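Start from the sequences, fold in the hints, and give me the full structure.
Listed below are the residues making up each chain.
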Amino acid sequence: MDGILNALILLSNFVIVPGMAYGSQLAIGALGVTLVFGILRFSNFAHGDTMAFGTMITVLVTWALQAWGVSIKPLPTALLALPFGILGTVVLLLLTDRWVYRFYRRQKVAPVVFLIASVGVMFVMNGLVRFIIGPDDQRFADGDRFMMKAREFKRMTGLSEGIAFKTSQGLTVLTAVIVVAALFWFLNRTRAGKSMRAYSDNEDLALLSGINPERVVLITWTITAALATIAGVLYGLDKSFKPFTYFQLLLPIFASAIVGGLGNPLGAIAGGFIIAFSEVTVTYAYKKFLYYTLPTDWAPEGLTQLLSTDYKFAVSFVILVLVLLLRPTGIFGGKAT
Amino acid sequence: MKKLLVATAMAALVSTAVNAEEIKLGVILGYTGPIESLTPDMAAGAELAIKEVSNSGALLGGSKVTPVRGDTTCTDSAAATAATERLVTSDKINAIVGGDCSGVTTAMLQNVALANGIVMVSPSATSPALSTIKDNGLFFRTAPSDARQGQVLTAILKDKGVKSAALTYTNNDYGKGLANSIKTNFEKAGGKITISAAHEDGKADYTAEVGALAAAGGDVLIVAGYLDQGGKGIIQAALDTGAFETFVLPDGMIGDSLPLAIGADLNGSYGTVPGTDSPGAAKFGEMAKAAGFKAGPFSSESYDAAALILLAMQAAKSSQSKMFKDKILGVANAPGTKIYPGELAKGLKIIAGGGDVDYVGASAVELIGPGESAGNYREILVSGGKNTTARFR
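If you read the protein sequences in the order shown, they are chains A and B. According to our numbering, the stretch in the first sequence is residues 25 to 361, in order. According to our numbering, the stretch in the second sequence is residues 5 to 397, in order.
For the record, the hints were derived by calculation from the structure and aren't laboratory data. The model shown is predicted, which means the values in this text are computed figures rather than measured ones.
27 Å max Cα-Cα, derived DSSO-like pairs, lysine-lysine:
#: 1; chain 1: B; residue 1: K353; chain 2: B; residue 2: K326
#: 2; chain 1: A; residue 1: K178; chain 2: B; residue 2: K167
#: 3; chain 1: B; residue 1: K350; chain 2: B; residue 2: K321
#: 4; chain 1: B; residue 1: K162; chain 2: B; residue 2: K390
#: 5; chain 1: A; residue 1: K173; chain 2: B; residue 2: K390
#: 6; chain 1: B; residue 1: K196; chain 2: B; residue 2: K167
#: 7; chain 1: B; residue 1: K164; chain 2: A; residue 2: K178
#: 8; chain 1: B; residue 1: K293; chain 2: B; residue 2: K342
#: 9; chain 1: B; residue 1: K96; chain 2: B; residue 2: K138
Some, not all, of what chain A presents toward chain B, calculated at C-beta under 10 Å:
#: 10; residue: G260
#: 11; residue: K263
#: 12; residue: S332
To spell it out: a stretch of chain A is covered by chain B in this simulated footprint if at least three of its residues, at any positions, have a beta carbon under 8 Å from a beta carbon of chain B; those stretches are:
#: 13; stretch: 36-42
#: 14; stretch: 310-321
We put the CB at the ideal spot given by N, CA and C, even for glycine.
If you want it as structure tokens, here you go:
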């Protein structure tokens, strides 16, 4: 019995808890991508660097708050700075729309032109972030690091495996739930949300019924900025902030959005967790897990690891390719990609 | 009369120019990158020796020596090669103190130093592969090869009663060489390495890597990485998930920033860094303090690297690499008068007078084999949030 319990705790510690946190971060990121795709009708490649920009502003404000001695222990100060980060990102995205995307929207260009324009925007943001804060790792997490330490858990339960639960992980999952609930309430219950969905479903009909397209675009960018900043800050708190890793995040985020079905918010969330858990479960070494669950002399000599951890990104690639081959509209049926 | 004055003035100028000259030493280290927290003290060490010699006026008829810095980045061979190339061709340096990390040092040697015939003395490149590399007698190091560090670490692990250990290394020449050396020595001594896995530097999250290490298990986790990089990430993730509690830290992981970043959880971990308890080390510590820097890891080796180059120049009566490269082993080893840090002027004068010196320096230099340090190590114990010296080996 102890064996099974130990095995479950081991799996929670190395697979389920980190997978939940990572999945939530991907889900919020994918929501932003899917929203832009659904309403503005293009794949926004600048999303990863938008996250980096929002996190950068948050980090800078956090440092200022820390310098003034403001804190909300045991929670990280970055939560206080988050609204400022969102505000800064909203301004950046609206300016980008004004200077770049509006021009193309008036020309009614094909989505692929938008996509390429967004790649250009990505490089500009990339440079902007590196110019302001530099390419290095930045630490901005403070407050209590753990809600539950592995050592304490072992002492409390007397088991040989422990489970660690970081504050940032708890915060991530909680925030994800709140953000998703708020977004769905907004899209389904408010007038503005309904007008966005109408614009997404049929642009011409929406215009005929008196919906102001510029207003829809404005709201979409505002929400996207908020989602990107929240996802970025949560990822940074949980792991660390480095502009390059945010750029790399683009792949799993797009994989999540596409797997769930681009333009489908529910699909984005499911996709986030699917990608996160596949990455973690495929690269985990099950040796110890089997040692606890199997009879003693059955325990394997090797690590029983399917793929080395270096292949993490390959996993999201493979899933992406499989979904595009077998079900191009995504598991939950979004728009064709 | 006027002509005569000008002529004598010119003659005086010319005659001094023959003896005294402007010597430049490249101090090429990773001022940015994974060991950037160590390099300022290393460079300060080398520059202290350079200044000491230059001010003494005893080198080659009062020659002045100036340092020129170049960045290796520790990881990017192309950048290190370009920086070295620039210093050699446009700054016209006479010799190089550097590089720091093994991979870039190999690149600098093969691409620039060999082609231009420039002597390189590395204070911190420790890969065993550098012992056998083709160097035309141009490459030396005041740091010992990691083949030796593997033996020392094994001795420490044996003393602590460690029977099995998990091993992770940074995925480059330094990490691989050191990991091999540790694995071979530890297994020869009857220990068990449960897993030897590489990790990449610069990732945000190392939970997955630690998951594999934890699955393999072991009494301790040996982290042959860099303290400002993946090594730190691995330790943090291992502590967060409760996978390991004690860490073994080879030289790339020793520095003040690590205990500072990790906190009290690192107490009880131990490791090694080149160092000695010779009188030279204490003397160098005082000199560093007076000069306003810290005798951190590899800074005494850097001082010695610069000192060896300058003493060899004196012995060869030339600042040309091809002339003095054969003199380095002679000034570093017995017989001769022992020279400690701060006594470089004395050493220069002895050599000028036809005597022989045995440079001991700050790190008890004794060059063996192809010109590398025999290897004295400081055993480090992290306690009270600080790296403390347990003993010398």
